[in-house]
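All chains should be modelled from the sequences, with the hints used to inform the complete structure.
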Amino acid sequence: MADTWLADTGATSHMTPHRHWFKSYSPHRIPIRLADNSTVYSAGVGSVVFQPVVKGKETRAVEFTRVLHVPDLRSNLLSCLYLARHKGFNITISAQSIDFKYQGISLFTATIHSNNSAELDGSTLTSEAAFSVSTLLVGLSLWHRRFIHHNYADVKSMISKELVTGLKLESNSPPDAICEPCLAGKMHSHPFPSSLNHNRSPLELVHSDLHGPLPVSTHSGYKYWITFIDNSTRFRAVYLLKAKSEAFEAFKVYKSWAETRLGVKLRALQDDKGGEYMSKAFLAFTQEAGIERRHSTRNRPQQNGLAERANRTMGERITAMLSESRLPGSFWGECISSMVHVWNMLPTASLSGTTPFQAFYKRKPDVSHLRVWGCTSYVHVQRDKRNSIQPHYEKCVFIGYPAGYKGWKFYNPVTKRTMISERADFDERYFPGTSKAQLEAVPSFACLPESLPLPNDTLSYSGLPPLQDEGGDNHFSPARPKTPTPSASVPPEEKPVLPLPLPVIPPFIPPVIPPVTPPQIHAPLPVTPPTAGAPLEPPHVPRRTGRVRKPPGQWWKLKQPDLAGNDSDSDDEAALLADSEFCEVEFAGAVSGADPRSYRLAMKSPDSDCWTEACNTEIFNLEANGTWELMELPPGKKVVNSGWVFKVKRLADGSIERYRARLVAKGYSQRPGFDFTEVFAPTFRPASLRLIIALAAREGHKMRSVDISSAFTYGELEEEIYMRQPEGYHIGSPNMVFRLRKSLYGLKQAARQWNKKLRGVLEGIGYTRLRSDSSIYIYSKGDIKVIVPVFIDDITLVSKSDTAMASAVSELSKHFKLRDLGSTTLLLGIQVKQDCSHHTISLSQEHYIKELLERFNMDDANPLSTPLAPGSELSDIVPSLEEQAEMRSVPYLNAVGALQYLATMTRPDIAYAVSYLGRFNSNPAPAHWLAVKHLFRYLIGTMHYKLVYRASDSEELFTTYSDGSHGACKATGRATGGYVTLVSGAAVGWSSKRQPFVTLSSTEAEFVAAVEAGKEIKWTRNILTEFGFPPTLPSTLFVDNKSGISVAKNPEHHGRMKHLDLRFYWLREAVEEGLIDPLYVSTHEQVADILTKAVAKKVVEFAVPLLGLE
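Residues 1 to 1110 in the UniProt record's numbering are what the sequence shown spells out, letter by letter.
Because the hints were derived from the structure by calculation, they are not lab data.
Glycine is no exception: its CB is placed at the ideal position from the N, C-alpha and C atoms.
Mixed in with the good hints there might be a few duds.
Cut-off 30 Å, straight-line C-alpha distance, at most; resulting in silico cross-link-like pairs (DSS-like, lysine-lysine) [as the list claims (entries may be wrong)]:
#	residue 1	residue 2
1	K850	K993
2	K364	K649
3	K156	K364
4	K833	K817
5	K748	K850
6	K785	K748
7	K817	K748
8	K933	K1018
Distance windows between CB atoms, simulated [to be verified]:
#	residue 1	residue 2	range
9	N116	H1084	23 to 33 Å
10	S880	E956	25 to 35 Å
11	V639	A927	42 to 52 Å
12	I619	P215	41 to 51 Å
13	E956	S813	36 to 46 Å
Structure, rendered in structure tokens:
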């Protein structure tokens, strides 16, 4: 058991007691609550590599990241919850096994034993064996980047036509819509028109062009490159030059190498007649060798278009590679070396779709060794080069494919040395290059001067090294060799001239797969100053769809830990885990994890830069508004503490709009009579909001939203209040505090003072506050009407006139700093969709439901068709001690509270279920929790439901249904009453609650329920009148009990009803006055039935559309 992994559906994180298993590791201490309610602590966090065995055979290794090292733990736990909730795994549990799938691919399995434990099939690789395992899913976008940003069509062609070996796709994901490095390189796709016939014999014609001087020299001082392209095979060779005069020596080396390789003589050379090609020595050499010289005419570069276009494209690709890798421009020599190595393996139309490599070497190229240039790499350090406590690898940057070696070339920015090794692990998602400012300063390598000075004809050059053969058809042994080839270490200079056409193929690396937990690197911003002349703001570049990248810092300048395996990924794991103050093994609980709960956690979070900017903005706004005055705390005065509240504000589709930091006063320390007096401020009724939206749909009105920035700070304080300076922004001595001049969030009187300020402004521009709901204002003049519901600092305007709404926004902006959000799409967390073409407005909380399902670990459950099991009756008997212990780790109150908001705002179909489950909040038992999970499963299948309000010309503005379920509560004998009011085809107001006393008959229960519904009818009529829609007909109240209707209309059944309080006979007066008209409806057509009991599936299916849910 100690060496196996257990699949745990309750653990919040992966955990193991084995330190030697970790491939990467960072010290990290966090408390962990075990099943027996005891607490242990983690010692670190990192990644562990697991070798799955499926059907008796080893498959691709996987990497578990964010694994906690817990020395006191007895088992190794794999968190199914974390894989499913955060990493998109589809976990299928059958009777005897568990299958873990990612993007439809089965990565590993677990066997379920008789004791119900599930052990993963396979074994864990120790850190020594795990270093070479790569874990990124190989898709079309990755091959596009490995092929130096070659076009997707050719990559697909290489796969379909099998032009190369070693090219496999492990992901069917579509390629990225936008490739930023391609845009940075400004890549074009229109070649020069060819004026040359395609020669059939190799070396019958060779094209050549020189490129330079480059804006940045390489480390060794090279400033030019020269290209040679065989017209027949399209095979390219490129050499680096320090001066143009070295072109002649480069040509001699190329000629010797090509003729030896192909066994034929070079017959013709095409160039642009630049001075470097026209020296006496060059002309004499070609004449003696019998080489025909061809030159392009002046201002006609397309005559040598093959070489000139190649150089232009290579310049663009260099820019793209440096942009993606974030390496300085001095690495362009390594760029071009790798580029040509890859380019000869890519198909070209002039060869009917085959590759220059195959045309030149007469065999298909193997591309399995290719990796994304400039990516992060972990190079193995041999045992004789390290001691027992040093890392097993060096973190480097991958910079190429060295000629003559069976391996890759790397650069270590810490030691500033290059090395060649065949043993390395690549993380092709991350590029550890230079700072953001340096990135912005990447020069263009494509646009160069056209006029080139003539060289000295008598130059003597002998700096070219001998060429090295690639050694035939290279196919090497698999990774993790028992006797690895020694790694070479060379200085960071390039060879004087690198003969690039040699296709050196490193050892075979097994296909790679996605990490179980892909690391989310958020490195700190670099501390080095930007380069001179670099812009302060980055240029605008279109983002990749669905993904946001941050430029990493210079990781080699960060403090390095002493232990092995401390890479930036593991550092980030600690930052991610820092937000969780407690991990649990047997039950995950309701963990939100989205918003930091303190300033300290915000500054330690991966989004610390965003939170810092949000805090700075908040302080700036408060100071600009004159919220406080900095002073010494007067003697004898009390001080109120301050704090930060952090919130990620999201759009209607769930994407991030902005990061919001709010400075608040901790008002719980305020003293009544000293720090505050009156605190009342009006709050809106959800029914008011829905009624306004229903009227907007009925009348064809539009909705527009406005957000008041730091609204509470506009309220003037009447009391003398002192507050401590906020964390992270203290100025002066410890005794310096803020004397608050304006109200601040958290103060007990803040809402009241803000409401007073807003009311004064609105009434000053002609608005009137409603008596029926004092959070709503209305402007009415002639045909112009604007309704303004206020929800603290969120203001919505509803009107048929765009001009009237624009005028209101303009007037408000004179008094407050606001954001005009335009057409309303999100209101109080509710998605609002205004469909003018169909004259509907819909309300939905689908994103909220998804968050709830994830939060309470129910997102992978199977859906059910009813909110509660039909006829379910739960007991309120105090649970046993064992049940109480079990329920301590269950977030029952959190779940019911979260569901209550949903039932109150947009989901009347679950109102009874939530009200019923809330009766057991004080002492929930496991049976009650199962009922909560039942409700979650109902929401899984109905999360897309939305309230839809439609245009209507009906004379009757609304109708109401009421129902009472006599004796529904077996514990108290009380009935449950419910009602729903429908406007514009959907529910506006509804209620489901247990009646306050025992009723003696179903007639009495129905009558009491009708009274409650009548009160809602009366309020609805009042507010409609204030809106300018006075009802002209009695409001219909549908009741499914004829005796109850009789009591409401006439003083009948005196003997059975005489004990009721007089207040219940208010309904009879309302009927007599013609305000309410009770009508009979059969039980089978009673919409409110779903609000009084746990009904069957057919009742739910009947009621849902009548409630306006679609």
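Going through the hints against the structure:
no., hint, result
1, K850 to K993, "27 Å, holds"
2, K364 to K649, "53 Å, violated"
3, K156 to K364, "16 Å, holds"
4, K833 to K817, "27 Å, holds"
5, K748 to K850, "34 Å, violated"
6, K785 to K748, "34 Å, violated"
7, K817 to K748, "23 Å, holds"
8, K933 to K1018, "37 Å, violated"
9, N116 to H1084: 23 to 33 Å, "45 Å, violated"
10, S880 to E956: 25 to 35 Å, "54 Å, violated"
11, V639 to A927: 42 to 52 Å, "49 Å, holds"
12, I619 to P215: 41 to 51 Å, "42 Å, holds"
13, E956 to S813: 36 to 46 Å, "40 Å, holds"
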